[in-house]
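*Asks:* Take a look at the letters that make up each chain.
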Amino acid sequence: MTRTRSIKKFMKFAGVPLAIFIIVLVVPFVNGFYYSFTDWDGFKATKLVGFANYTESFEDPRFWSTLKFTALFVVVSLILVNAVAFGLALIVTSKLKSKNFLRTFFFVPNLIGGVILGVIWQFIFNSALVALAEKYDWEMFKESWLQDTNKAFWALIIVTIWQSSGYMMIVYITGLISIENDVIEASQIDGASPVRTLFSIKIPLMAQAFTIALFLTLRSGFMAYDVNVALTGGGPFRTTELISLHIFEDAFAEGDFGTGQAKAVIMFLVVALAALVQVSISKRYEVQR
Amino acid sequence: MKKSMKLGAIALASTLSLSVIAFATPANAETCPRKATVTMLGTIKPEIQDQFLATVAEYNKSQNCYTVKSVPGDRKLTFLQNVTPMYAAKNAPTIMYTLQEIPDMADKVLDLKTTRLARLVSKSLLASGNVNGRQVGVPSTAEAFGLLYNKKVLDKAGVDPSKITTRAELEAAFKKVEAAGKKPLHFSAIWWSLGAHFTNIFHTNVGKTKEARLQGLDDLVAGKANLANNGTFKNWVATMDLLKKYNAGKVNLTDTEYDASIANLAGGDFGFMFQGNWTEPNLITASKGDDFGIMPLPISNNAKDYGNDSIPVGVPGYFMIDAQQSSKWQQKGAIDFLTWLYTSPAGQKRVAGPVEEGGMSFIPVYKGFKIEPKTYMAKEISKFASAGKTLDWMNSYYPAGLQEEVGKVSMQQYFTDKISAAELAKAIENAWKGKPKTWRGEAA
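Heads up: the sequence lines are chains A and B, in that order. In case it helps, the numbering used here puts the first sequence at residues 1 to 289. In case it helps, the numbering used here puts the second sequence at residues 1 to 444.
Calculated directly from the structure, the hints in this document are not laboratory data. Don't take every hint at face value.
Claimed, not checked - With a Cα cut of at most 30 Å, we get these calculated DSS-like pairs of lysine-lysine:
id, chain 1, residue 1, chain 2, residue 2
1, B, Lys349, B, Lys151
2, B, Lys152, B, Lys244
3, A, Lys44, B, Lys69
4, B, Lys244, B, Lys69
5, A, Lys68, B, Lys433
6, B, Lys151, B, Lys328
7, B, Lys418, A, Lys151
8, A, Lys68, B, Lys426
9, B, Lys61, B, Lys208
10, B, Lys151, B, Lys183
11, A, Lys44, B, Lys328
12, A, Lys44, B, Lys433
13, B, Lys304, A, Lys142
As the list claims (entries may be wrong) - Partner residues are not named here, just some residues of chain A that face chain B (Cβ under 7 Å, in silico):
id, residue
14, Phe43
15, Ala45
16, Phe141
17, Ala192
18, Pro236
19, Phe252
Just so it is clear, CB atoms sit at the ideal spot from N, CA and C, and this is done for glycine as well.
Let the hints inform the model, and build the full structure from the sequences given.
*Replies:* Right under this line is the structure:
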């Protein structure tokens, strides 16, 4: 009796969100998992092919190079985005007069959609910087950064930092202002320097913010797609394709939906594993209050 | 419970009555009680988008049975990338327009063999739209590519393009243009130009007969082509080296170079560029009415070699009509629109008329055209065509995704000196290996 009632209650409140969750997430996921074992061509699947799509994926040298490139991108963007975001959060929680203006200022890039942002930066790297470089003789920018794999990588990183550090800054601000003032005052009375306060008091007490911010950047690093498409389009020579773009190209441009789907499942496993490891490590540093 | 049953009954009744109407209409086509909306993906080409949309508006006004509507696709994406999600969403466009993906779509579209349009086109121009005996597409126009030139610049430099029949003579012409104080050529690194058109110069010069050219593709698929020792391939690479040497355009691997190259040739500072006649309207507009011509790209030093005096002419795309998700009425509307476009005086004026007057300046491929484009390049192309000096568009047979792979990777790498000619040969061989031979009737 109580059990059916509690189920009823649960459905009353969570029924609609649960249904949406199942329809837009669970069903497509199961579907995709199933398709990775078929010869799906985007229109129809005629037969099961076992693990053929998976072996084909692992034999594709570009899949490996893309995975490597994505891993590098995730690591570098994870470190830099969080470093910059934390720095910005420290600035805007300090006693600066312009801190409210700066908060808005740093957050605004996050409101611009990834594709538009990519197009804007493509223009900056391709035309604006090149034109300026020719006028003022800057060796570094004379050739568009998007022509060279390594420089295009840094272009991707710069745009990612520019876009997402403002958002992560908000997460860190919440962490920073949740620390009680008396703890900080106590440390100052004990004679701790600002740096010492930062590392021994603030960071340990806001470890939860780090868990969240690191998880979000890790996930968005693996899922990055729109900036990738609009900024480099995978070029030059398809060497800056991140995993999402690679899967999309594989499935839709070449019509290999089976292998594309298999690669998507592999990517899911990689992301899930990385996220689990990250969360369990950062959880250890969280302080219970 | 009861309520929902009632609703269901109403819904059922209304669909029944609707289907009665749908059955009744074709018998009495003049009245058209219900207007069908016929969707088309894209606007044939982005270059003539405005003209095409105006044409559609004119058609919609000319009759009251159908409304044709162009749904914009994402131009950064390929045809398949645009169309598969639409099919998955049960929202397929009625009219589709593409070239290399025709084999992928063949089982989803109508056989147009018995339509009036298909009977008005020569067999050779229907070939790439024919899959296993079914005429799944009808052509839009004929296009040509090769070396385009600015007539003013060449006249001033004293270069007669009709006299250039070997690679050495081409180099001499580049030098003459340079001597006249102009830049010889803009050879752009755009992936589709390299991946589809420049590679075609090799695949089409490989054999004098169609069978020999298709055999060339067969060998590539079977992995026994050995390009590095192929004479035509060596000549083709040498030609690319020559174009690279005299290229004065600023290399950019993203697509921005297309507009830059048109501006350069139209601006009168450049003599040549490697492109196609689809740029002619833009060139004329940008230069405020100058003449631009087209000439073959000679790939050897023997003037008599096959292909040195000819330009590749082909159909850039075929119209297909969805047979799976569009109603009979929509399909009928699609055929009606295309027939109007290519056979009615108003439609023909839109198709072949000059760009300034809202036309698309297409070279007609259907019999019975009263209007011919009168621009300089269009007339030159007609001359090549009537003299039989045309080459096949082997790029019509490239499997889906191949021109992206070859164009964006190996060709751009060779263009920017990242790989050697031998590595380019290997890369092209690898890209082709094991691909479906759609030209032999294999499923895509």
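*Asks:* Quick check: which numbered hints come out false for this structure?
*Replies:* 4, 6, 9, 13, 15, 16 and 17
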